[in-house]
Amino acid sequence: MSKGIAVLTAIAILILTVFLISMNTGLIHLTPMEVLRTLFGGGTDRQHLILFEFRLPRIIVSLLVGMGLAVSGCILQGITRNGLAEPGILGINAGAGLAVLIYIMYFPNMGSSPVFLLPLLAFGGAALTAIIIYLLAFKKNEGVSPFRLILTGIAMAAAIYAATVTITLQLNPEKFKFVERWNAGSIWGANWNFVLALLPWVLVLIPYAIYKARTLNVLNLGDQLAAGLGTRVEKERLRLIGVAVALAGASVAVSGSIAFIGLIAPHLARRLVGNRYEILLPTSALTGALLLIVADTLARPSEIPTGIVVAVIGAPFFLYLLARSKA
Amino acid sequence: MAVTESKGKFKSRPLAASIIIIGGLGALAIALTWAISVGVADIKFTTVWAAVFQFDPAQNQHQLIHELRLPRALLSAVVGACFAVAGSIMQGMTRNPLADSGLLGINSGAAFVLALCIAISPGISQFNLTLFAFLGAGLGAGIVFGIGSLSRTGLTPVRLALSGAAVSALLLALTEGIAIQFNIGRDLAFWYAGAVAGTRWLHFNMIFPWAIGALIVAHLLSRSITVLSLGDEVAANLGQRTRLVKIAGSAVVLILAGAAVSVVGSIGFVGLIIPHLTRFLVGVDYRWIIPCSAVLGSLFLVLADIGARMINAPAETPIGVLVALIGVPFFLYLTRRDGRGI
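For the protein sequence lines, the chains are A and B, in the order given. Using the UniProt record's numbering, you'd call the opening residue of the first sequence number 1 and step up by one each time. Using the UniProt record's numbering, you'd call the opening residue of the second sequence number 1 and step up by one each time.
Among these hints, one or two may not hold up.
Okay, derived cross-link-like pairs now, SDA-like style, lysine to any residue, Cα gap no bigger than 25 Å in a straight line [claimed, not checked]: (1) Lys175(A) <-> Leu116(B); (2) Lys11(B) <-> Gln224(A); (3) Lys177(A) <-> Ile120(B); (4) Lys175(A) <-> Pro122(B); (5) Lys175(A) <-> Ala315(B); (6) Lys11(B) <-> Asp223(A); (7) Lys212(A) <-> Tyr320(A).
None of these hints come from the bench; they were simulated from the model.
Turn these sequences into a full structure, and let the hints steer you where they fit.
In structure tokens form, the structure reads like this:
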């Protein structure tokens, strides 16, 4: 446990450092002193505008999205007992993507007000997909076995993918570009409204997940053992899936699909602090946040979609850890 | 995945398997004939027969059949077998039901090199494109395999799966980056959707010898893969040199899936569902799973291609879409059954 706290502290310090660097990064140059002064109330109106209206909300959104996806992935890997599980496996990204795509297909003037509608639609698409998958995987008397859940998820993702491809190939080039960027994952919902929309989910659901850490530990042992230890497996699993879907849905709605974080952050965390969910969940959350804030900071000057940067920096690091590890 | 330990789970059903192979080959022959006769211009069955066995270059319909439809139909059959067998081997080796050849970095490697080629020299020839895609597939598999086996404890199934997922994500991200930068996303999207439409004898001749060779090797390996699918430790205790089997298996997967992907693009779902279906029908013995999944994969893709041409005629629907359309409901049905074999 003390090792876990040390790791958590280290990651938190890293996040803070990157946060400060990130505040200094962007098209308009500000010196660190100016940033600090502005943060504590001083500074000119212009500096105030840049920091508080552009940079700060974007950074906070990245942190929240990183946490949300990482915890969602961590929960899903736990309940499915499959290391390849991530939010995308429940068709969440695909569902959100399809909703966005249909909107873009039928509402030609993209300039008007998609900023507020899109996240809602994306969330609706994600939730709907998750519900369909759960219902399809549900069987009377047996409930939902993690195994069937995964397979159903794959099938749904493939079906949605087919629909997505069919629509995508008919789009005009301008719309195609938008969809392409959305799919690559870029944090485009970067103002205070998005922060406020995302914050309650993260603030409520992540502590709830940590509160449920013991259940996750037990579920990780297998259904029969968990039931033998007195856990109401089906009910707990449904709750946890609900938490994972809500977190990922809310995150994906704001960020586009950056599913890789959900896969990689829990694995990184597991290699750092081990398999106990009490400490694994918070570590995953912070790892995800750190990863996304670093990626977003690197992506910002060039306007490359953040999702691409996440994969480009995250994958090699992950592979390095994988090659070094013993178990 | 020891989830549902029903009694029938570890059975093998040779009788069912024999019926599938014989019946499947018969059905495949019928499907191929059908695939050759349907299209924008419908051709009578007798003409098809004549065009295949008494080819007369003077007749237009014979030309059409010989130059376009025959290679396309045969190619679908070969590619279907390749994806299905590659998927079977992957699932057997990694013991992960989510595994398919894409997990070895093959699809993403091919896509990455393809994107590079199209970005650097837009007018590249079909032949070269296919060749480079195959090299890309090899590159992807090489990285996954290399990194997976770097560690001292060697290549465990989990490590292979994780390294595959990470490398795929990386290569796909780079591909997306290139696509956005050079504005070639649409070209790649077509490739991704899977296309057997433009195939000629050239493509068929390119991959046929490799595919046949690799299928034979796959069959020779099938006994070892059955043993490996019981777990690394069990396999080692039974005297198997697991590392060797894994390397050989991966090489076969690379050739099968690499060849298929580089010609028709990624139709990964075939490699995922056919092995599940086959295992459901014939049990757990890979000596039966591999030939049966080859037959079923061929049949499935030939039918999907017929559908792709008929559903929205005269326009073609990407075959990947058809594969999902047919495959998904069926797959869902299978997962809802009692789960034996899956």
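Here's how the hints hold up against the structure:
1. For a cut-off of 25 Å, the pair hint linking Lys175(A) to Leu116(B) stands: about 23 Å separates their Cα positions.
2. A C-alpha spacing of about 23 Å is found between Lys11(B) and Gln224(A), which places the hinted pair at or below 25 Å, so the restraint holds.
3. At roughly 20 Å between alpha-carbon atoms, Lys177(A) and Ile120(B) fall within 25 Å of each other, so this suggested pair holds.
4. Of the pairs offered as hints, the one joining Lys175(A) and Pro122(B) holds, with about 23 Å between alpha carbons and a cut-off of 25 Å not exceeded.
5. Under the criterion of a C-alpha separation no larger than 25 Å, the hint pairing Lys175(A) with Ala315(B) is consistent with the structure, at around 22 Å.
6. This hinted pair checks out: Lys11(B) and Asp223(A) have alpha carbons roughly 24 Å apart, not beyond 25 Å.
7. In summary, the hint linking Lys212(A) to Tyr320(A) is not supported, as the alpha carbons are separated by about 31 Å, beyond the 25 Å threshold.
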